[in-house]
Structure formats: structure tokens, C-alpha cells
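Chemist: The lines below spell out each chain.
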Amino acid sequence: MNQSNTIKETIIRPKKMFSFEDVREIWRYKELLYFFTWRDLKVRYKQTFIGIAWAVFQPFITMVVFSIFFGGLAKIPSDGVPYPIFVYIGLLFWQFFSTALSDTSNTLISNQAIITKVYFPRLVLPISSVMTKFIDFIIAAVILIGLMVYYGYTPHISGLLILPPLLLITFMASVGLGLFLASINVKYRDVRYALPFFIQIMLFVTPVIYPASIAGKYSFLLALNPMMGVIQNARAAILGTTPINWLLINISLTESLVLMIFGIYIFKKTERYFADII
Amino acid sequence: MEQSIIEIKNIGKKYNIAHQRGGYVTLRDVLTNVIKSPFSFLKTKIKQAAGLETKEEFWALKDINFEVKKGEVIGIIGANGAGKSTLLKILSQITPPTTGEIILRGRVGSLLEVGTGFHPELTGRENIFLNGAILGMKKKEIAQKFNQIVEFSGIEKFLDTPVKHYSSGMYVRLAFSVAAHMEPDILIIDEVLAVGDAEFQKKCLGKMNEITKIQGRTILFVSHNMEAIQQLCSKTILLREGKIVFCGSTIEALKIYRDKYNKEIINLNSNIKRRGDGKIKLSSFHIEDIKGNRINNIRNDSKIKFVFSYACNEPKNVHDVDMGFSIEKNAITISTIYSSYTKENIEKINHSGNIIFNIKELKLTPGIYNVRARVLVNGLESDWPKNPVGSFEILPKEEYIKMGYKTEPNSIIDIEGQWTHI
Numbered sequence: 001m002n003q004s005n006t007i008k009e010t011i012i013r014p015k016k017m018f019s020f021e022d023v024r025e026i027w028r029y030k031e032l033l034y035f036f037t038w039r040d041l042k043v044r045y046k047q048t049f050i051g052i053a054w055a056v057f058q059p060f061i062t063m064v065v066f067s068i069f070f071g072g073l074a075k076i077p078s079d080g081v082p083y084p085i086f087v088y089i090g091l092l093f094w095q096f097f098s099t100a101l102s103d104t105s106n107t108l109i110s111n112q113a114i115i116t117k118v119y120f121p122r123l124v125l126p127i128s129s130v131m132t133k134f135i136d137f138i139i140a141a142v143i144l145i146g147l148m149v150y151y152g153y154t155p156h157i158s159g160l161l162i163l164p165p166l167l168l169i170t171f172m173a174s175v176g177l178g179l180f181l182a183s184i185n186v187k188y189r190d191v192r193y194a195l196p197f198f199i200q201i202m203l204f205v206t207p208v209i210y211p212a213s214i215a216g217k218y219s220f221l222l223a224l225n226p227m228m229g230v231i232q233n234a235r236a237a238i239l240g241t242t243p244i245n246w247l248l249i250n251i252s253l254t255e256s257l258v259l260m261i262f263g264i265y266i267f268k269k270t271e272r273y274f275a276d277i278i
Numbered sequence: 001m002e003q004s005i006i007e008i009k010n011i012g013k014k015y016n017i018a019h020q021r022g023g024y025v026t027l028r029d030v031l032t033n034v035i036k037s038p039f040s041f042l043k044t045k046i047k048q049a050a051g052l053e054t055k056e057e058f059w060a061l062k063d064i065n066f067e068v069k070k071g072e073v074i075g076i077i078g079a080n081g082a083g084k085s086t087l088l089k090i091l092s093q094i095t096p097p098t099t100g101e102i103i104l105r106g107r108v109g110s111l112l113e114v115g116t117g118f119h120p121e122l123t124g125r126e127n128i129f130l131n132g133a134i135l136g137m138k139k140k141e142i143a144q145k146f147n148q149i150v151e152f153s154g155i156e157k158f159l160d161t162p163v164k165h166y167s168s169g170m171y172v173r174l175a176f177s178v179a180a181h182m183e184p185d186i187l188i189i190d191e192v193l194a195v196g197d198a199e200f201q202k203k204c205l206g207k208m209n210e211i212t213k214i215q216g217r218t219i220l221f222v223s224h225n226m227e228a229i230q231q232l233c234s235k236t237i238l239l240r241e242g243k244i245v246f247c248g249s250t251i252e253a254l255k256i257y258r259d260k261y262n263k264e265i266i267n268l269n270s271n272i273k274r275r276g277d278g279k280i281k282l283s284s285f286h287i288e289d290i291k292g293n294r295i296n297n298i299r300n301d302s303k304i305k306f307v308f309s310y311a312c313n314e315p316k317n318v319h320d321v322d323m324g325f326s327i328e329k330n331a332i333t334i335s336t337i338y339s340s341y342t343k344e345n346i347e348k349i350n351h352s353g354n355i356i357f358n359i360k361e362l363k364l365t366p367g368i369y370n371v372r373a374r375v376l377v378n379g380l381e382s383d384w385p386k387n388p389v390g391s392f393e394i395l396p397k398e399e400y401i402k403m404g405y406k407t408e409p410n411s412i413i414d415i416e417g418q419w420t421h422i
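Heads up: the protein sequence lines correspond to chains A and B, in order. Here the first sequence stands for residues 1 to 278, where the numbers follow this note's numbering. Here the second sequence stands for residues 1 to 422, where the numbers follow this note's numbering.
Treat the hints as calculated values from the structure; they're not laboratory data. On a predicted model such as this, the values are computed, not experimentally measured, just so you know. Glycine included, C-beta positions come from ideal geometry on N, C-alpha and C. Treat the hints with care, since some could be wrong.
[Claimed, not checked] Covered by chain B, per the in silico footprint, the following chain A stretches (three or more residues, Cβ under 8 Å):
#1 40-46
#2 109-117
#3 227-241
[Unchecked claim] Below, a sample of chain B positions facing chain A; criterion: calculated Cβ distance under 7 Å:
#4 Ile94
#5 His119
#6 Ile134
#7 Ile251
#8 Ile298
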């Protein structure tokens, strides 16, 4: 920390709610954030035999299987786009969201040995899980570029500009929901067994393997899910076949913002007794 | 006047016993409860909200006040459950206090465990960086001290081997080396010296001496190792049941601890964490010599008795009582004995009474030992206090003291014998 002449003064009091000091503190611990992310990536790629290829392999195989069964045999419509590329964009964002969500929810339990022994802002852990998943996302995106070349799609530059906001929405939604689940996961240890089921169900209410248009006039219900706006608009932006739906983006943005504020609120509220009950 | 580097004002920590009891709460159970008996659930909720419900609370720490000046090395001692670890956890910000305020002037490093965050799959080199970062060091700082850390640990050859292949000794050495180079203004240490071989322990104590005497840093040090406390600490705080009972010179603190509080009996009737159906409950534990005097300091060749007192509500229905205990040192269990091992289970029990184990000889090295106890009825758990029910100190034999003999703090068994040379 600061080696300057001013002495760093720490005051420990009964815990208060979230404040700006928390944000500054996370910034001070940015190196730890980097190290946690680095650790997760390094360990994962050391443990799995095929290493870094795993991040590519997983969505790729899923895409192939989905294309054969849903696109080929079940003939699920794909808004006039070749099914593999249609489903791959959906999967790319969906996997970022779902893996970040499940990792964030378990982050306190899996790091309990550290939490009960050392102090650092606890929010560093969930944020680093999402960073790890974001790197996976980038690696898996390489396949998408291949698919686009293969099917002859060129994205619009203006369309690509919308991708960072879409990623931000995904980030906020997964962190928000993840923090909430992480907090109840500490208290109720059976939550983590229900979680994979919950995520699987969510896959089917998100337009990943089918277009939102399939729901007809009820498609607005799907918009309750922030990932709907993300995936629909990611397809629009990358493929340029449909116009970008700004209303949907705003809905998703609002939803994910609410989720994140709610998640942080619950997390901070329960944070004080994590170390006591873990 | 010089400002204190640590100011602890009126610190208290309250726990709800309900939180601690019997493992984890599951959401399923809570939901089943709500659906099965919604009214009683509502009632307790309302009572809780109105503050009427008498929650079982206990104060792990209460009214803790003290100040530490720069460069002081303060020891913290006390029996199990006195609140030492809770105090360190509050000081290292792992858990917040319920009341009070602490001001720490300077960079704080806490070492409640060596090797926190070490990942078995990563190499020694990688773990130095990871562990350093977790302890609050900057990347640049770790890189600067990297060679010193490696040299101190003495594991140069295995730097690029995953630590899962390390021996436990190497692991501890590397972990301590990282921690020792953290250079905080205030260092908080919990019992970490109880690990590693004797030679490395000496090296650690030397390093800690250097940290304080030469670099002028401040240390708070919790230990059961009285020798280490005596060597390092100028001042010692004695805790008992969450309160400071003495704060002053180390020699005096150790004397009070040995003479008075170490002898004290832990009251097992109060709200301690325990498991079992409670058919028989342990009420106290103490040690007697052959004359029937209660003792806690034992010469290891003396005959003694372990006395477990119990209470039982329905003695008529209780048969086949299996009494067991274990002895541990530095958190390592060194012996476990149950009455069932020798088919000496107790057939008839009273409303209250003592179950006694007669010990012919305890061949243990000097140091403090804890006793844990457990009772089973018909093979089912009846009472199992989570924490030790008592402790005793083995004193060195007189002939050893005369010789100026010193024991290794981590050794356990005292083997008698003689050296010859042919």
C-alpha cells in the first residue's frame, strides 16, 4: 500500500452499508482481482488435459449438436440465418452469462478457506469469477469469426459498437443475480444443488436455440429476462440482418441494473456474517 | 506523547447460539417449516421483529480496551474459548465487532494461518505471487523481494514444482517466508509457529525478533507456546471468558495463567456448542492427584485421575454408557481412549456422578495439552462438546530442569532411556 509519509489509518467499527469507500477499496485491491483471475485461468488450464482449447471446444460441440437436432431435425426457425451461426451467437452470450452466474454463486463457498483467514473486499471474488468467464468468452468468439467467414457475413462497424453495452448488461445481470445467490448460498447450503437445474431451465426461457419471434404476441414476456435483449441484439448487430431493437436494449439495461443494485445490497447486508457462518 | 499505533476501545463481539448449532441450515427445511406450520412461523417472526423472543446470545468478547505503542510485541494468552481467536479475527477485519472501535495506524498484515490461498496445482513461484497478493503485497513489491523469499525458504530447487508435490515442511517454509517478507507496520499472528520442524521454528522466531528489534514493527501474537511468548513478548494480555483479566509484564501474565486460570474448570452447563441427544450430559471435568487434590500442572511420572462429572435426567432408562476422551497438543490428537475399547462400559448410571479414568503414567513432554470428551449411550451420540473440556500442563521433570534440558515444543512423547557407547 502507500509507502508515503502519511500513515494509513484503518478504523474498524461495526459494519455499515455500502458506500463509495467500498468502490475505492476494490480499486485499491485491483491487483488481487488480477491475481484471482489469473489463478482461476491457470489452474483450470493446468487441470484439463486439452487446456485452453476447452473454452473453444465446449461451445463448439454444443453448437454442432444443437444444429443437428434443433436446426436440422426439428427445423426450428432461425430468422433466415444459417442455424449454426444463429445458435452460436446465442450460446456465446448464454455461456458467458450462465457460467459467470454459477461461478459467482459458489464463489464464497469455494473460497471459504481464504475468507475466514484474510481480509480483502469480498466483492473482489465474484468480480474475478466474471473476468475469468469473460476471457473464455473472448476465446470462444474466435469460432464465431470462423463461422462468419464461412457463411460470408460481414458485421457493420456501427453494429459492433453495440457489443460492449451488451456485454456490460450480461456482466451486470450475472453479477447481480450471482451475488444474491451467493449470499443465500452461504446461509442455506442446499441452494447450490438447485442451481444447475435453475440455470438449465433459464436456458429454455431465453431465445438461445429459438428466435424470440417464435413466441408470437407473447414474446414481450421473454423480455422479462435481461438476456433476451442481449442475445436478440447481439444477433442483429453481428449479422446485420435485423435492425437493432433499442427499446429491448433499454429494458435489458434497466433490468440488469436493478438486479445488480439488488445483488450488491443483499451481498453487503449479509457480508458481515460470512466469516461467522461459513 | 507518542500516539499509540493500535487503539482498541470497548470492543465486544456477540454471537447468536442459534447460528452455531448443529451444522447448516437448508432452504428446504425452512420452506417445509413455513408450509407445515405457517402460523407458528409467523409468530416467531413477529416475536423476533418485536424483540420479544429471547435469543440465546453469548459475548465472545466484551469490554476489550487496550493500546499498543509502536515497536511493542504483545502476547495474547488464555484458555480455549477465552476469545483470543475472535479478537484476532476482529483485528484483521475478517469479522466485524458488535460494539466498539479499533484504530490501527499503519499497514496491517495478519497471519492467522500460513499459506492462506496457496493453490496445490500452482508452482512454488506462482504461489509466492498469489499468496503475497492475498496478504496485501503489491506485485512490484513481491518481485523485489522474490529472491529473499526464496532464499529464506530454502526451496530453490523446487520453485517450479506444483506445491501439491511438496512435503508439508517445505510447504510451511515457503508459506512462512512469504509472510515474513510482508513488512507491515502491525503484524497479527495466530499460533502459526506451531508448525514446521524445530530448526525452521528457530529461524522463524529469529526472523520475528529481527522484525521487531531491528525494524521496529509492532506484533500481536497469540500462542499456546509459552516459551515462544516468553522469548518474544514484552507485554502479555491474559483473556478469560472474553474479558481482559491481566495486561502487563509477560512474566507476571504467565505466572497468573499458570497458577490460577489454567486450573479453572470450564463450566459445561452453560451455553457451549455441543452435539448429541443429551440423555447424559457432561457437567465438568477436572484432574486429581492420588490424594484427591485438583491439579492442572502435572509432573509426567505422577499418578493422576481424569474425572468426568455428568448429569442424567432419567437414569433408569440409560444403560451401556461409553465414555471417551482424547488428548491433543498443538491441535493434533495424540491419544483417544473409550471405555468400550476395553469393554468397560458403565451399566448403571445415577442422576449425577463421576466417571473416572485412572492414569498410571503420562509419558508426555512438557507443554499444554487439551482434553476433549464424548459420551455415547447404546452406541448413540449423547453428548459431545465441540471444544475441549479442559486442559493441563505437563511440567518438565526436576532432574531435567537441573540439567538445563530443553524440549522441542512440538515433540509429544517422552521416551525414557540412557545413552551408552560401546
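Chemist: When the hints from earlier in the document are held up against this structure, which numbers fail?
Modeler: 3, 7 and 8
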